[in-house]
Each structure stands twice: as structure tokens, then as C-alpha cells.
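Novice: All chains should be built: construct the whole structure from the sequences, respecting the hints.
Each protein sequence line maps, in turn, to chains A and B.
Residue numbers for the first sequence follow our numbering, so the first one is 1 and each next one is one higher.
Residue numbers for the second sequence follow our numbering, so the first one is 1 and each next one is one higher.
Note that these hints are calculated values from the structure, not bench results.
Given the structure is predicted, the values throughout are model-derived calculations rather than measurements.
Backbone N, C-alpha and C fix where the C-beta goes; we use that ideal spot for every residue, glycine too.
Hints should not be assumed to be uniformly reliable.
[To be verified] Partial chain B-side listing against chain A, Cβ under 7 Å, derived:
1) 24
2) 25
3) 26
4) 29
5) 54
6) 57
7) 139
8) 143
9) 157
10) 158
11) 204
Here's the letter readout for the chains.
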Amino acid sequence: MARPAVDEATLIAKYGPHLNRRPPGGWDADLEIDRVVETHCCFCGQQCGIKLKVHDNEVVGFEPWYEFPFNEGKLCPKGVKRYLQGSHPDRLLTPMERDETAPGGFRKVSWDHALDRVVSEIRRIQGTYGDDAFAMLSGVSLTNEKSYLIGKFARLALHTANLDYNGRYCMVSAGAGNKKALGMDRASNPWSDIPLADVVWIAGSNVAETFPITTSYIWRARDRGARLIVQDPRVVPLARTADLFLPVRPGSDSALFGAVLHELIRNDWLDHEFIEAHTVGFEEAAATVAEMTPAWASEICGVPAARIAEAAEWWGTSATGMMLHARGIEQQTKGVDNVVSAINLGLATGKFGKPGCGVSTITGQGNGQGGREHGHKCDQLPGNRDISNPEHREYVASVWGCDESDIPGKGLPALALIEAIHRGEIKGLLSICFNPAVSSPDVNFTAEALDRLEFYATIDFFLSESGHHADIVLPGSLHEEDEGTSTSGEGRIIKINAAVDPPGEARRDWEILLDIATRLGKGKWFPYSNTKEIFEELCRASAGGLADYAGATWERIEAEHGLFWPVPEPGHPGTPRLYEGGRFAHPDGRARFSAVPWRESAEVIDDDYPVWLTTGRVVSQYLSGTQTRRIEPLVAQYPEPLCEIHPRLAQELGITEGDIVRVESRRGDITLPAKVVNTIRPDTVFIPYHWPGTKAANQLTIRAVDPVSNMPEFKVAAVRVTRVGTRSAVTIDRRDMDVTDGLR
Amino acid sequence: MRPPRYGVDDSPIFVIDQSRCIGCEACVQACEECGTHRGRSMIHLDRIDRAATTQTAPMICMHCEDPTCAQVCPADAIKQTEGGVVQSALKPRCIGCSNCVLACPFGVPKYVAEFDQMMKCDMCQDRTAEGYAPMCASVCPSEALWYGTVDEFTERRRGTLLDAWLFGRQQVRTKVFTVVDDVSPGPLDALSTGTGTWLDDPFGLEEGT
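Specialist: Quick look at the structure:
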């Protein structure tokens with residue numbers, strides 16, 4: 001029974017989000033600092049170095065870590081205020097069990113009781129409905145060690161095929177595109193290559209708000225004279241100063257890339273030698289774009305043809321160039337098409353494997369890179385191996401000491417898994433680090449699905465909106481409460497150090513999983529006494545795989561400020577730049593051009609729903625907001641979702657700044673204030689997605705997925721917008737209050 | 001890679017290049033984390049005109065050589081350090097008249113009613129005295145706020161450093177630098193479209209598609 005035990009208001013009153021404002025003890029506490037711990041930010045894929053200040057087992061502040069080479073002390077506001085997630089009034093401190101009679105809907109229970117209940121429900125559900133009727137969902141804010149452990153735990157302890165992770169909503173289109181075209185899945189370059197590029201092309205990435213530190217790398221290139229191209233439906237902050245802006249309408253990126261390839265071919269801005277020596281499939285790709293002129297693409301994507309031609313010229317005639325893409329082109333039903341079309345442009349001009357040359361995704365989540373390598377994807381085993389490949393299964397079984405047949409097969413990807421719950425095929429769920437009640441497309445459907453579970457257990461540090469549905473809540477660990485490694489967006493393996501111990505009765509996530517495994521009688525597969533032992537096994541399991549960590553050690557990672565994989569044997573220097581000498585990761589060493597015919601998004605605008613919707617993030621919030629909606633200074637920066645709308649469209653609809661509007665799609669509707677801005681296409685509205693319930697942008701998004709990557713189409717939907725009234729309450733901007741007396 | 005600490009002889013400078021600001025507010029959030037600021041952010045971040053642009057502008061104290069705020073202070077409460085850092089009003093002297101608030105050409109000082117005192121950016125005195133960058137310039141993701149030596153700046157960045165200003169007839173020289181584009185020699189090409197012209201029509205509404 002996984003319907004929330006009490007109403008939402010009661011849950012929020014008890015479990016938050018409440019707002020943490022001040023460091024422990026207050027601003028004037030003058031606490032003695034016991035130690036300063038060098039670690040990394042818990043949020044995005046840049047994984048900035050940061051030092052956490054600790055007093056009496058509490059994180060009480062931060063200090064820039066100037067020596068860490070990636071960010072040299074730089075941080076975004078989330079990193080600055082991250083320390084406020086510790087010592088938070090909402091922190092879960094004891095195991096809890098659903099109880100309609102308890103205030104807040106949960107009663108405190110002992111660990112023994114909670115774990116026994118979890119194990120008995122796993123046994124009951126699997127005994128009644130089969131092993132795969134109990135599923136697990138995971139996430140990539142977790143370390144490599146936990147990602148690896150969860151892959152093994154789900155397969156050997158739960159013996160379920162149905163394990164997937166929240167990167168399914170983030171990085172999978174890039175991963176699938178990279179593997180298809182280049183043979184492996186990692187950013188092609190270290191970020192130190194960005195300043196060496198003569199042209200920097202940002203495609204579908206709001207770098208300034210979602211990867212803020214990357215802005216400084218782009219400026220270093222521009223200081224050398226590089227030109228900047230930004231492709232986005234909005235004039236995002238980085239675009240404001242761009243040399244060329246490509247205002248692409250949502251869902252049309254592959255048409256634009258096709259026209260650019262067309263122009264490269266038409267003008268012979270090609271690296272024939274590179275194409276000949278290091279690629280296959282050029283002829284087919286060229287034939288596919290033969291009719292894709294800039295004028296043709298312009299009709300589809302709304303970018304003036306002259307700008308498409310200019311972008312092609314800059315890319316085609318520059319000696320070096322880097323294209324960086326992110327969720328804008330990836331979170332589409334054509335996500336993989338878009339990624340391989342972008343890679344085509346790098347291959348056609350020989351922009352791979354050289355300083356300042358590459359086409360690369362900007363990985364979104366903290367461990368979005370490492371977490372997609374070590375086997376907690378539904379189709380994957382450690383080392384980015386394929387769970388359907390008999391040799392890969394044999395190898396991993398040999399490391400795990402199990403029989404190959406002990407490892408279940410391929411399971412359902414995240415959204416399909418939620419749909420199977422909705423259909424009643426999956427009856428039980430264990431989740432960690434995943435808040436689908438906010439982050440899934442069509443969240444009203446997701447909430448219905450969670451309601452239908454016979455049993456739902458979650459491991460978390462705060463009670464997320466998904467956790468509202470839980471039967472058992474197990475208090476796990478925050479990022480700063482455990483140690484391990486993660487792998488940043490550049491492919492740099494870094495060390496996460498524990499600053500404090502888990503508070504109260506909370507436990508480290510891996511200890512909880514080991515306990516469940518032991519109670520399931522599967523303890524023999526998990527003989528770890530610390531996370532370093534898990535890492536050492538991970539390295540062995542990855543050896544010879546596409547993501548090879550075999551030569552990595554925690555000691556080297558710390559001493560060398562990170563290590564770029566592949567690092568296949570001890571003493572190997574690591575591989576910051578991939579594909580040097582034009583050697584790609586396919587067995588024949590050649591990259592694949594892709595023929596990408598144009599097709600439309602799953603949903604297109606029509607008379608009933610005449611406006612494009614696209615969703616995304618703001619700088620002060622992170623993903624589903626489980627952490628950042630609890631940090632007051634971050635909430636103050638952008639307290640609630642706003643609907644960005646161009647004045648031309650606003651005028652047509654009778655909307656003025658601050659009016660309350662209703663945005664409706666075929667899935668649901670949201671009512672929110674309008675932000676009338678010149679910085680968005682007049683046929684498109686934008687809503688950030690960090691909020692739950694009636695404030696969730698994902699009430700509108702569509703459950704349509706990329707056929708290869710199973711990525712949902714968060715970036716494209718058809719909506720209608722109507723004015724419902726004037727704003728009833730004035731939102732006070734904290735900066736206005738600062739002017740007089742700093743009331744913050 | 002910038003060093004974690006600068007020595008006295010390095011003479012590091014503070015540079016603001018507002019064109020690089022991305023409006024993320026890391027500076028605002030970090031300022032209040034400085035040991036002596038105790039939860040009070042002294043930096044201002046202005047949203048210029050969000051309806052028209054995402055342009056934002058951070059403003060720290062420019063630390064004038066001959067500060068207007070001090071000149072107009074009837075209580076002689078505003079002092080400079082030996083290094084030329086203009087400080088908040090001295091608490092025992094400040095009468096809360098806000099002359100400084102009105103007079104500053106950069107709009108920096110603010111009167112804080114809670115303490116009945118003018119408070120402003122002190123360039124993280126506790127940090128810079130130890131050779132560390134101020135908090136805002138430490139964290140700024142885009143290096144719109146930057147702290148380092150002149151040599152580091154010229155080696156790494158383009159643009160001309162500027163520390164002299166004219167406000168009507170008042171000349172002001174500041175400790176903090178701003179950056180202007182390098183002026184190219186030779187005649188101005190009046191017919192050149194240059195780059196960035198897309199800004200006049202970002203979505204190609206007039207250009208046609």
C-alpha cells in the first residue's frame with residue numbers, strides 16, 4: 001500500500017521542505033573548526049572541488065579549494081550554500097513505517113523492524129509474482145562505489161532484472177549516441193581543451209545556469225579570440241554575448257545539424273583525410289543531408305538560413321573547435337539522433353582527438369559520468385559492459401564469484417518501469433536517490449503508479465515527494481557523510497571524502513544495502529568492510545571493459561587531483577583526451593557517421609495546443625529540489641516556477657508581466673505567474689521543473705521516449721496558455737529589501 | 001592555475017568585468033560567508049532590465065583613492081586602510097545620516113537600520129590581508145569578478161584595465177579596475193555589420209526565415 005498515509009499538507013508540515021538559513025550555531029557562533037575536509041560539490045557533473053569546515057561532527061561552512069585544478073576555488077550559489085543541507089531540521093534520523101494514525105503519517109521504528117519488513121515484503125512479492133515484480137530505482141548523485149554496489153545488489157541480492165537509474169532522464173541519449181558513433185561513452189575532451197578551441201559551439205545547454213564554472217573555460221577561449229555560437233530557444237545568459245545565436249525551436253536540432261553538414265559538404269569544408277582514414281558511413285550520411293539546405297532547415301527550426309550558413313562556415317573553416325551539448329538536444333525522442341548529428345559535424349571536419357577539438361556532452365548529474373558506467377542501468381554491467389552479451393556476463397560473473405546464470409537479464413528502463421508499476425506488473429519497489437514524483441514526465445501518472453505499489457521502501461536523507469508514498473523509509477547518508485569516488489563530466493575520477501558521520505540513527509547507504517542483502521541470505525556476495533574494498537572490486541570488474549578503471553587507486557586519485565579513465569593498468573597516466581590519432585573505440589578503430597533523416601517530435605503544436613513548451617533548470621535549484629528546496633538562500637533566489645513568455649505572444653493572449661497564467665497540455669495543467677521576456681522564442685514558453693505537485697512543470701510533459709536511449713521528451717511538448725488573472729500577492733525580491741536594511 | 005595565496009609583493013588587483021556576469025548570485029551568497037561579514041552580503045547584483053535582457057551587473061565597492069563617501073561624512077566615520085580599502089562607517093561615529101549612501105557615485109554604501117550604521121564591501125579584509133582572494137572573486141564562475149596580478153590578467157585576458165572615471169566634473173580614481181574592450185587602431189568601419197548584430201533581432205523575426 002503505497003498511497004500517502006496522510007494529505008500532502010500534513011506531510012510537508014512534518015517533513016518539509018523547511019528552510020535552513022543559518023550555519024549551525026548562527027552567524028556569530030565563532031565555532032572552532034575541528035577540521036577542513038577537501039572534497040567535491042554534491043550537485044552537478046562539474047564536481048567542483050570544495051573544502052568543508054567541520055565543528056563537532058557538523059558541516060558549518062565552506063572554504064574555496066583553490067588548488068583543485070578544475071575550478072580553482074570557483075563555485076556557483078548551490079555549491080556555496082550546500083553546507084546548509086547538513087544539520088537540517090528535515091534530516092531523517094530514524095527508520096520510519098507508514099502509519100495513518102501517526103502525526104505526519106509515519107511512525108518511528110527500529111532498524112531491525114524496518115529491515116525485517118523490507119525483506120519480508122521482498123520475499124512475499126517475489127514469491128507471489130516472480131522475482132522481476134520487485135524493482136529498484138537508483139540515481140547518480142551516488143558515488144561510483146554505490147552505483148557499482150547497487151548494480152550487484154539488484155542482480156544478486158534482489159535477483160531482479162528491473163533496476164534502472166535517474167540518468168535515464170539525463171545522460172542516456174548522449175551515452176547511446178557516443179557509443180554508436182565513437183564506440184565508447186565519455187566526454188571526448190578534458191575541459192582544458194575548451195580554451196584551445198577557435199570556435200566554441202554550445203548546443204542546447206544553459207551553461208551559465210546549469211554548469212556555471214564552464215563559463216570561465218569558454219571565456220578563456222574567447223580571450224584567445226575564439227568565436228562563440230549558442231543554439232537555444234532562449235537567449236540564455238551565456239548567449240547574451242555570443243558571436244552568433246541560433247534560436248532553434250524546441251525539437252528541431254537535427255534539422256539544423258543536417259543543414260550544417262549539408263553546408264560543410266557543399267563548400268568542401270571537409271577533412272577528407274580524416275574521413276577516409278578514421279571513419280565509416282560518410283557517403284550515407286552525406287546522401288541523407290543532400291536536400292537539407294539551410295533554407296529547408298530554416299523553415300523547420302526557425303533559425304534564419306544565413307545564420308545556419310554562417311555557423312557552418314565558422315565550424316568548417318576553423319582549425320580547432322569544440323561543440324558542447326547537453327539536455328536541450330538530448331532530452332528528446334530524437335535525443336540520440338541529435339547527438340549523432342552533432343558528432344557528424346566533428347567527424348566531417350576532423351575535429352576529434354586533437355587539442356581544442358571535440359564534440360562532447362556536458363554531463364548533468366554529479367556522478368552522471370561514473371554512475372552510467374558501473375552497472376546500475378537496466379542494460380548494463382560494470383565497465384560499461386552489456387548485460388545481454390554472454391562474454392561480458394561471464395567476465396562479471398567471474399569477478400563476482402557467481403554463476404553467469406545467477407545474473408538476471410536486461411530489465412526495464414526507468415519510465416517503462418514506472419509504467420509497468422502502473423499496469424500492476426511490478427508490485428514492489430526499493431528506491432534510492434531518485435525522486436520520480438517530481439522528475440518523471442507526466443508526474444500525475446507517476447504518482448498514480450506509486451500509489452499502486454503493494455510495497456515501497458526508500459533510502460533517503462530527506463523525505464522526498466516520492467518518499468511520501470513509502471511504506472518504509474530508511475535514513476541514508478548525505479554526500480558529506482560517506483567516502484568514495486565519482487567521475488566528473490570530463491571523465492576525471494575524483495575522491496569524495498567524508499566530512500562527518502551520519503547523524504542520529506542514519507546509516508551509510510552501502511551499509512543499509514549490505515544489511516538487506518545479508519537478511520535476504522545473500523551476504524556472501526557482499527563481503528565489504530569499507531567502500532575502498534568496493535572500489536577495488538569495481539576496478540577489477542571494469543578491467544578490459546569500455547570504462548576501464550583497472551589501474552586507478554584512491555591514493556593516486558587524491559594525489560593527482562583526479563585521474564581520467566581509461567586507466568587500464570597500474571601506473572597508466574590516465575587518458576584526458578580521447579581518440580588521439582583518430583583511433584576511436586569501435587573494434588576497427590573507426591568512428592561511425594550516422595545517416596539521420598528528419599523526423600518530428602512525438603508531439604507537435606496544433607490548433608488546440610498551439611505553443612511549444614520546453615522545460616529546464618534555474619541556477620539556484622538542482623534537479624527535483626530534494627536538497628535545494630530546503631536551503632533558504634537558494635529558495636530566495638528563485639522561489640517558485642515562472643512561465644517565460646515572449647511579449648509578442650503575451651500580447652496576443654492578453655498577458656502582462658506577473659499575470660497568473662494556466663498552461664495546459666494533453667497530460668495536465670499548471671497555474672503560475674508569467675515572466676514576460678524578450679529572451680525566448682515567441683512560439684515557445686519555458687517553465688523550470690524543480691517543484692512538486694501543483695507547481696510541477698512535469699504535469700505537462702509527455703511520456704514519449706527516444707527509441708534507442710529511452711530518454712523521455714522533457715524538452716518538447718504542445719501546450720496552450722491562457723490568462724487567469726492578475727497576480728494576487730506581490731513577490732518581494734530580496735535584493736530590493738537589501739537596499740534599505742538588509743532584512744534577508 | 002592561480003595560486004591560493006598572494007604575497008605582498010604580488011600586489012594583486014581586483015577587476016570587475018560586468019559583461020561576463022551570468023547573474024548566478026554566487027558572489028552574493030559567498031559574500032555573507034566571509035568570516036567578518038557574518039551573514040550580511042555586501043555585494044550588489046543588479047538585474048538591468050529582465051524583460052529585455054539577461055544582463056546583470058555585480059557591484060562591489062570600487063575603493064576610491066579619495067572616497068566621496070568619506071568626503072561627505074559629517075561624522076568623519078569612514079576610513080581607509082593603509083592599503084586603500086574603504087571601510088564601513090565606524091560604529092561609534094556613524095550617525096546614520098546616509099550622506100554617503102546618496103553621494104557615492106557607484107551606489108555602494110547602504111545604511112543598515114538593524115545596526116544603525118553604514119555597511120559596505122571591505123574587500124574581505126580578513127582574507128586579502130592573508131593573501132587570499134575576496135570571497136566573491138574566489139567563487140565567481142565566469143570571472144566577471146576577478147582577483148590576481150596585472151601580469152596574470154594580461155597573460156590570460158583581453159581588454160584594457162581602467163581605474164579612472166569622470167562623473168560630471170568629478171574625477172575619481174579607484175583601487176578596483178574595470179575592463180573595456182581593446183580599442184582597435186585605424187579608422188572605424190562604419191559599414192561593418194560586425195558580430196553580435198543578432199542581438200537587435202535575436203529570433204530573426206525581421207530577418208525572415
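Novice: Work down the list of hints and note, for each, if the structure agrees.
Specialist: Quick rundown of the hints versus the structure:
no.: 1; hint: 24; verdict: 5 Å, holds
no.: 2; hint: 25; verdict: 5 Å, holds
no.: 3; hint: 26; verdict: 5 Å, holds
no.: 4; hint: 29; verdict: 4 Å, holds
no.: 5; hint: 54; verdict: 4 Å, holds
no.: 6; hint: 57; verdict: 12 Å, violated
no.: 7; hint: 139; verdict: 4 Å, holds
no.: 8; hint: 143; verdict: 5 Å, holds
no.: 9; hint: 157; verdict: 5 Å, holds
no.: 10; hint: 158; verdict: 5 Å, holds
no.: 11; hint: 204; verdict: 4 Å, holds
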